[in-house]
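With the numbering used here applied, the sequence shown covers 8 to 713.
Simulated from the structure, these hints should not be mistaken for lab results. Note that the coordinates shown come from a computational prediction; the quantities given were computed from them, not determined experimentally. Every residue, glycine too, gets a C-beta built ideally from N, C-alpha and C. Keep in mind that the hints are not guaranteed to be accurate.
The calculated label-pair distances, taken between Cβ atoms and stated as ranges, are [to be verified]:
no., residue 1, residue 2, range
1, 406, 123, 49 to 59 Å
2, 557, 416, 12 to 22 Å
3, 77, 25, 51 to 61 Å
4, 501, 567, 43 to 53 Å
5, 183, 123, 17 to 27 Å
6, 416, 77, 37 to 47 Å
7, 622, 583, 30 to 40 Å
8, 505, 471, 15 to 25 Å
9, 505, 417, 48 to 58 Å
10, 136, 68, 44 to 54 Å
11, 521, 416, 48 to 58 Å
12, 283, 397, 51 to 61 Å
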Amino acid sequence: MTDRGRVQTFQAWSDDFRLTLVTTAQPREIHAAISTILDVAAGSSGLSLLTQASFQTVFAPLFDLDIELPADWTVTQLLVDGHAADWTRLVEAAGQHRLRVTFHPAIPPGRETQVRLEAHYVPEGWPPQDEPIRIALPEVRLPEAGIVEGSYVVKADSELDVVPEDVVGLDPARVTVAGGRLGFVYQDTRFRGTLAVRRRPSQLSATTVCVARLEPEQLFAHLEANLQIRGGGIPGLRVSLPEATGRDLRFELHGTSTRLIEQETGPLRDGRRLWFLRFDRRLTGPATLTVDLVVPRASQSAGSAAKTDRTKAGEPARAAARSPRSAPQKDEPEAEPDAPETGADADGDGGAQGAVAVPDLLLPDADWQSGFLAIEAAGDQQLTVEAQDAAGRPLDSVDWGDFPPMRYVPKERIAATYRHVSGGYRVTLREKRYQRSPLPVAVCHRLQITSVLDATGRIQNEARFRVSSAGVQSLAVRLLPSASLWAASIDGQPVIVQVGQEGGYLIPLPTATAPGTEHVLAVFYRTETDLPNLAGWLEQTPPLIEAVRGDGRRLPVEVLKTEWTLRHPPSLLIVEADGPLRPITELNRPGWSPRWHVGLAWPSRRQTAANLLGLALVALLVVVVLAVRRKLGCRMSLAGLLVSFAVLVLIALLLLPAVHRSRKAVRPTSVGALSSAPAGAELADRGADEFQEAVRTAVRTEAVPD
Numbered sequence: 008m009t010d011r012g013r014v015q016t017f018q019a020w021s022d023d024f025r026l027t028l029v030t031t032a033q034p035r036e037i038h039a040a041i042s043t044i045l046d047v048a049a050g051s052s053g054l055s056l057l058t059q060a061s062f063q064t065v066f067a068p069l070f071d072l073d074i075e076l077p078a079d080w081t082v083t084q085l086l087v088d089g090h091a092a093d094w095t096r097l098v099e100a101a102g103q104h105r106l107r108v109t110f111h112p113a114i115p116p117g118r119e120t121q122v123r124l125e126a127h128y129v130p131e132g133w134p135p136q137d138e139p140i141r142i143a144l145p146e147v148r149l150p151e152a153g154i155v156e157g158s159y160v161v162k163a164d165s166e167l168d169v170v171p172e173d174v175v176g177l178d179p180a181r182v183t184v185a186g187g188r189l190g191f192v193y194q195d196t197r198f199r200g201t202l203a204v205r206r207r208p209s210q211l212s213a214t215t216v217c218v219a220r221l222e223p224e225q226l227f228a229h230l231e232a233n234l235q236i237r238g239g240g241i242p243g244l245r246v247s248l249p250e251a252t253g254r255d256l257r258f259e260l261h262g263t264s265t266r267l268i269e270q271e272t273g274p275l276r277d278g279r280r281l282w283f284l285r286f287d288r289r290l291t292g293p294a295t296l297t298v299d300l301v302v303p304r305a306s307q308s309a310g311s312a313a314k315t316d317r318t319k320a321g322e323p324a325r326a327a328a329r330s331p332r333s334a335p336q337k338d339e340p341e342a343e344p345d346a347p348e349t350g351a352d353a354d355g356d357g358g359a360q361g362a363v364a365v366p367d368l369l370l371p372d373a374d375w376q377s378g379f380l381a382i383e384a385a386g387d388q389q390l391t392v393e394a395q396d397a398a399g400r401p402l403d404s405v406d407w408g409d410f411p412p413m414r415y416v417p418k419e420r421i422a423a424t425y426r427h428v429s430g431g432y433r434v435t436l437r438e439k440r441y442q443r444s445p446l447p448v449a450v451c452h453r454l455q456i457t458s459v460l461d462a463t464g465r466i467q468n469e470a471r472f473r474v475s476s477a478g479v480q481s482l483a484v485r486l487l488p489s490a491s492l493w494a495a496s497i498d499g500q501p502v503i504v505q506v507g508q509e510g511g512y513l514i515p516l517p518t519a520t521a522p523g524t525e526h527v528l529a530v531f532y533r534t535e536t537d538l539p540n541l542a543g544w545l546e547q548t549p550p551l552i553e554a555v556r557g558d559g560r561r562l563p564v565e566v567l568k569t570e571w572t573l574r575h576p577p578s579l580l581i582v583e584a585d586g587p588l589r590p591i592t593e594l595n596r597p598g599w600s601p602r603w604h605v606g607l608a609w610p611s612r613r614q615t616a617a618n619l620l621g622l623a624l625v626a627l628l629v630v631v632v633l634a635v636r637r638k639l640g641c642r643m644s645l646a647g648l649l650v651s652f653a654v655l656v657l658i659a660l661l662l663l664p665a666v667h668r669s670r671k672a673v674r675p676t677s678v679g680a681l682s683s684a685p686a687g688a689e690l691a692d693r694g695a696d697e698f699q700e701a702v703r704t705a706v707r708t709e710a711v712p713d
């Protein structure tokens with residue numbers, strides 16, 4: 008027998024020989040490499056089998072190929088080199104399918120061919136629940152293949168546990184397929200084994216987010232639960248809410264393809280209602296459950312009253328203590344006298360009937376639950392928040408920026424934010440509402456007052472207002488009753504001034520300017536002072552400016568910056584200032600020598616006559632005293648007489664009018680009450696006397712000797 012390709016030679020010694028040759032066909036061989044992936048799905052789709060076989064024939068062409076697989080599996084696709092194959096099902100034997108694939112044309116020796124087989128199987132009782140389901144490992148065989156190398160991978164969904172049992176003929180190997188749980192290899196062997204498939208225990212964690220807003224008639228709360236389900240998933244969910252939230256609720260599920268198909272209410276227990284939510288399939292992975300609540304405040308008051316009655320009857324009731332960290336520490340604003348308050352504390356009660364509880368969302372099936380809480384507040388609303396967790400400990404305050412992303416957009420400002428590390432909390436709200444004040448329609452950026460004081464005590468004043476306004480037709484300027492208005496101008500142009508019915512002077516604004524344009528209003532007026540010799544406290548009150556709208560309403564105009572320049576005669580010194588305005592430069596503060604010089608200044612003729620009359624009276628008194636003493640026989644030495652005369656002269660000098668005026672000039676006297684209120688923002692509706700006392704600024708002057 009000669010191998011293929013080998014040459015044999017023979018030597019003949021006789022011409023008469025005979026050589027007989029017999030040829031036989033060499034048997035065909037098939038070499039194959041098989042890769043099988045078993046995909047175990049948790050849903051109702053069951054199990055999927057994918058086999059990719061690469062083979063080639065040796066010595067002879069291949070006209071057909073037989074494939075065997077378990078009879079329970081249904082073939083869904085069979086391809087040869089990416090094209091649909093021509094195959095037939097042969098008679099089943101011993102629980103096996105035998106498929107025959109016919110090749111047109113035949114596969115020549117040495118050419119590699121690819122066969123792809125897909126099959127499907129749904130075991131009884133699938134998908135698995137608490138009890139495991141055992142499945143025999145399916146084997147795809149090529150009975151005609153002489154040399155076979157194969158790999159076997161088992162994939163499974165994350166919510167399933169797959170455990171191999173009684174595996175024979177497979178060697179463990181590293182899994183290189185994404186999502187693979189088990190990996191094996193084999194060579195020229197038959198294998199068998201079983202997979203025990205069970206559902207993993209479900210683990211539910213939740214982070215809740217609550218944003219509550221207290222409205223005049225109701226409490227609005229948006230609740231979110233960010234769910235994270237690991238393991239086998241959950242077919243439904245239980246949700247617990249306070250009884251006051253009612254039955255008219257609609258839960259929504261976001262962030263997942265699973266749909267919420269049913270929601271039912273359960274019985275009440277301990278003041279809470281249990282909701283049962285069901286899904287179209289098991290919920291796994293991340294998801295967000297949302298619900299919006301509207302709780303009437305009357306129902307909460309009734310619930311608080313019922314709880315009080317139960318407490319009186321001996322039933323236990325929880326009392327929420329005020330949390331020291333429940334709200335940011337800030338000074339409470341004082342309400343205006345004419346601003347009526349509404350809400351819980353408007354009547355001064357402040358008891359339990361004014362407290363409104365914020366609903367909390369509990370998930371009894373959750374293994375771990377935490378959450379965040381935010382309180383919205385309107386601009387005219389002041390809230391008192393009492394926040395505790397389920398154990399009665401104060402909730403921790405957090406920053407709004409640390410809140411997790413949510414589907415709700417706040418409508419009002421955020422007044423307080425908290426975080427709780429366990430499920431449940433007890434948060435109550437009490438409110439105070441204040442009367443809204445209108446937005447300013449005009450503002451004075453700068454007020455410059457220049458006052459010129461002459462020697463007669465008259466003061467000439469110029470007040471310049473730099474005003475920006477919108478929707479204002481004219482400005483009203485209020486002066487003191489003792490002031491005399493001389494003239495007024497707008498942007499350097501003289502205007503006609505009218506006296507308003509409510510007092511003050513009305514000055515029209517230009518109408519051909521855009522809203523917000525800055526105008527310069529100049530007011531010239533005169534005031535007087537009654538200070539003797541212009542020494543003492545000199546008081547000055549700035550004008551009050553108001554905006555007059557089209558409907559005749561007057562609104563105060565706030566002055567952002569005020570400057571007062573006082574020009575006085577050289578004979579005066581400004582030594583002290585008081586009031587809301589402060590001096591820009593250092594004031595004059597003379598020493599004792601100029602003060603005595605002022606006191607000893609040469610008097611006028613009228614004062615000289617008065618001084619001489621005083622000296623004559625003093626001399627007459629001295630003569631009378633000496634005459635009486637001589638008549639009574641008393642004698643006095645010359646030194647004693649001189650001392651007595653000097654004392655009398657000193658007393659007379661102290662009684663002189665000039666000295667008295669000097670002492671009065673250097674004595675500081677404060678006149679009136681001062682205020683730092685900005686340009687009459689709170690004085691628009693007061694009378695002239697109150698206005699004068701509220702914004703008065705004063706300086707003290709002293710005379711300078713000639």
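Okay, residue 283 versus residue 397 on CB: inside 51 to 61 Å?
violated (23 Å)
Given a hint of 44 to 54 Å, does the C-beta separation of residue 136 and residue 68 actually sit inside it?
Since residue 136 and residue 68 have Cβ atoms about 53 Å apart, the given range 44 to 54 Å holds.
That 37 to 47 Å hint for residue 416 and residue 77 (C-beta), does it hold up?
violated (57 Å)
Residue 501 and residue 567, beta-carbon distance inside 43 to 53 Å?
violated (27 Å)
12 to 22 Å was suggested as the range; check whether the CB atoms of residue 557 and residue 416 agree with it.
violated (37 Å)
For the hint 48 to 58 Å, verify it against the beta carbon of residue 505 and that of residue 417.
holds (49 Å)
Verdict for residue 505, residue 471 (Cβ pair) under range 15 to 25 Å
The hinted range 15 to 25 Å holds for residue 505 and residue 471, with Cβ atoms some 21 Å apart.
Range hint 51 to 61 Å (beta carbons of residue 77 and residue 25) holds or violated:
holds (59 Å)
30 to 40 Å was suggested as the range; check whether the CB atoms of residue 622 and residue 583 agree with it.
The hinted range 30 to 40 Å holds for residue 622 and residue 583, with Cβ atoms some 36 Å apart.
Consistency of beta-carbon spacing, residue 123 to residue 183, with hint 17 to 27 Å
holds (19 Å)
Range agreement (Cβ of residue 416 with Cβ of residue 521, hint 48 to 58 Å)
violated (34 Å)
Residue 406 paired with residue 123, Cβ distance criterion 49 to 59 Å:
Because 58 Å falls inside the window, the suggested range holds.
Checked against the numbered hints above, the structure breaks hints 2, 4, 6, 11, 12 and satisfies the rest.
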